[in-house]
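K.L.:
If you read the protein sequences in the order shown, they are chains F and R.
FYI, in the numbering used here the residues of the first sequence are 1 to 169.
FYI, in the numbering used here the residues of the second sequence are 1 to 169.
Treat each hint with caution, since some may be false.
Copies of the same chain are indistinguishable here, so a pair counts whether it falls within one copy or spans any two.
[What the hints assert, rightly or not] Distance condition first, Cα-Cα at most 16 Å in a straight line; then the derived EDC-like pairs of lysine to aspartate or glutamate:
no. : residue 1 : residue 2
1   : K137      : E29
2   : K137      : E122
3   : K76       : E105
4   : K76       : D153
5   : K76       : D89
6   : K9        : E105
7   : K9        : E79
8   : K76       : E98
9   : K9        : D44
Hints were generated in silico from the structure; no laboratory data involved.
Small disclaimer: the values here were computed from a predicted structure and weren't measured.
2 protein chains.
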Amino acid sequence: MTLDADLFKRGMRRLAAGVSLITTYEHGERHGMAATSVCSVSADPPTLLVCVNRTATSHAVIGRAGFFCVNLLAEKDDELARRFSTPADRESRFSGREWTTLVTEAPALVGSLASFDCEVIESVDVDSHTVFIGRVKAIELWHNDIVPLVYLDGRFDTLVGGRQIKDRA
Amino acid sequence: MTLDADLFKRGMRRLAAGVSLITTYEHGERHGMAATSVCSVSADPPTLLVCVNRTATSHAVIGRAGFFCVNLLAEKDDELARRFSTPADRESRFSGREWTTLVTEAPALVGSLASFDCEVIESVDVDSHTVFIGRVKAIELWHNDIVPLVYLDGRFDTLVGGRQIKDRA
Numbered sequence: 001m002t003l004d005a006d007l008f009k010r011g012m013r014r015l016a017a018g019v020s021l022i023t024t025y026e027h028g029e030r031h032g033m034a035a036t037s038v039c040s041v042s043a044d045p046p047t048l049l050v051c052v053n054r055t056a057t058s059h060a061v062i063g064r065a066g067f068f069c070v071n072l073l074a075e076k077d078d079e080l081a082r083r084f085s086t087p088a089d090r091e092s093r094f095s096g097r098e099w100t101t102l103v104t105e106a107p108a109l110v111g112s113l114a115s116f117d118c119e120v121i122e123s124v125d126v127d128s129h130t131v132f133i134g135r136v137k138a139i140e141l142w143h144n145d146i147v148p149l150v151y152l153d154g155r156f157d158t159l160v161g162g163r164q165i166k167d168r169a
Numbered sequence: 001m002t003l004d005a006d007l008f009k010r011g012m013r014r015l016a017a018g019v020s021l022i023t024t025y026e027h028g029e030r031h032g033m034a035a036t037s038v039c040s041v042s043a044d045p046p047t048l049l050v051c052v053n054r055t056a057t058s059h060a061v062i063g064r065a066g067f068f069c070v071n072l073l074a075e076k077d078d079e080l081a082r083r084f085s086t087p088a089d090r091e092s093r094f095s096g097r098e099w100t101t102l103v104t105e106a107p108a109l110v111g112s113l114a115s116f117d118c119e120v121i122e123s124v125d126v127d128s129h130t131v132f133i134g135r136v137k138a139i140e141l142w143h144n145d146i147v148p149l150v151y152l153d154g155r156f157d158t159l160v161g162g163r164q165i166k167d168r169a
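Please put together the full structure from these sequences, using the hints given.
P.N.:
Given below as structure tokens:
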């Protein structure tokens, strides 16, 4: 039985998801893409996964470099998310914001909701995509305003209750 | 370098995610759990993944049965999500709502935002969890009200712009 890809896409438009920038680095050049396919896998040891389309430039770079950083975006980062979703000069995407590095050379977005710097421990090829499973080597929680950028039904949105939280450290 | 599991959990609380019920079936008994770790993998052929803790009852059942159904929840399903998040008689969780089956024997929630009925094509064990990769065999979009139940920072929430959409069929 073959199921219609359009029906699948219509269904998946109903899965609300936080928007992240997945970044990596190779030969002096930064790469990045906007993504909603990010999942927590294991807390101990800290591990997450990202699903990346093989046609994305970042796909091959992550495969070769063996590391990536997941940066969770805030609602106010919607323009940044759009910039990372459209083809353009790779480096210009990174201009106008402060970036740093944590453990790997992957760019970490200063002021994002959180940055998870990861080393790839396993890659699983599934049809058009690769599931990169990353061991988290460093985490930065830049501040405690967590009003997230969320994607649903082809649009950016945010939560009713997004708010300043108290640090639970 | 060992990274603190608590810091990872605090970071992951900032990843907004739609809430789903993952269901399965074995020996005349329905099983299910609430989950936020669901990702689209590939649209053609339609494929998704779920990350399931090995300690969850549903984990072993999905492994043996080889199928599961992902049901995306609406904001008004918050009590149902709580019921599926707390230990209780497995079958009583399913009472009070209408369930059906699509292609596999996994329960599909009538009236959810969408149900994706899947056969497991690959299982990847990663520390405390297993990533089940499922080929989607059937999809049901029950209606066009997509006001999703979203989890952030330990609480249920919904989107500012959740709304009735026009069917794009």
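K.L.:
Look at each hint and say if it fits the structure.
P.N.:
Hints and how they fare:
With identical chains, the CA atoms of K137 and E29 are never at most 16 Å apart, being 21 Å at best within one copy and 41 Å at best between copies. Proximity of K137 to E122 under the C-alpha cut-off of 16 Å is restricted to the intra-copy arrangement: shortest distance 15 Å within a copy versus 27 Å between copies. For the homomeric pair K76 and E105, neither the shortest alpha-carbon distance inside one copy (25 Å) nor that between copies (43 Å) is at most 16 Å. In this assembly of identical chains, K76 and D153 lie within 16 Å of each other by CA distance neither inside one copy nor across copies; the values are 19 Å within and 18 Å between.
Neither within a single protomer nor between protomers do K76 and D89 lie at most 16 Å apart by alpha-carbon distance, with minima of 22 Å and 44 Å respectively. Taking the shortest alpha-carbon separations for K9 and E105, neither the intra-copy value of 34 Å nor the inter-copy value of 23 Å comes in at or below 16 Å. Proximity of K9 to E79 under the C-alpha cut-off of 16 Å is found in neither arrangement, the shortest distances being 24 Å within a copy and 28 Å between copies. Taking the shortest alpha-carbon separations for K76 and E98, only the intra-copy value of 15 Å comes in at or below 16 Å, while the best inter-copy value is 40 Å.
For a Cα distance limit of 16 Å, the shortest separation of K9 from D44 across copies, 10 Å, qualifies, whereas the shortest one inside one copy, 33 Å, does not.
Going down the numbered hints, you'll see the structure goes against 1, 3, 4, 5, 6 and 7, while the others check out.
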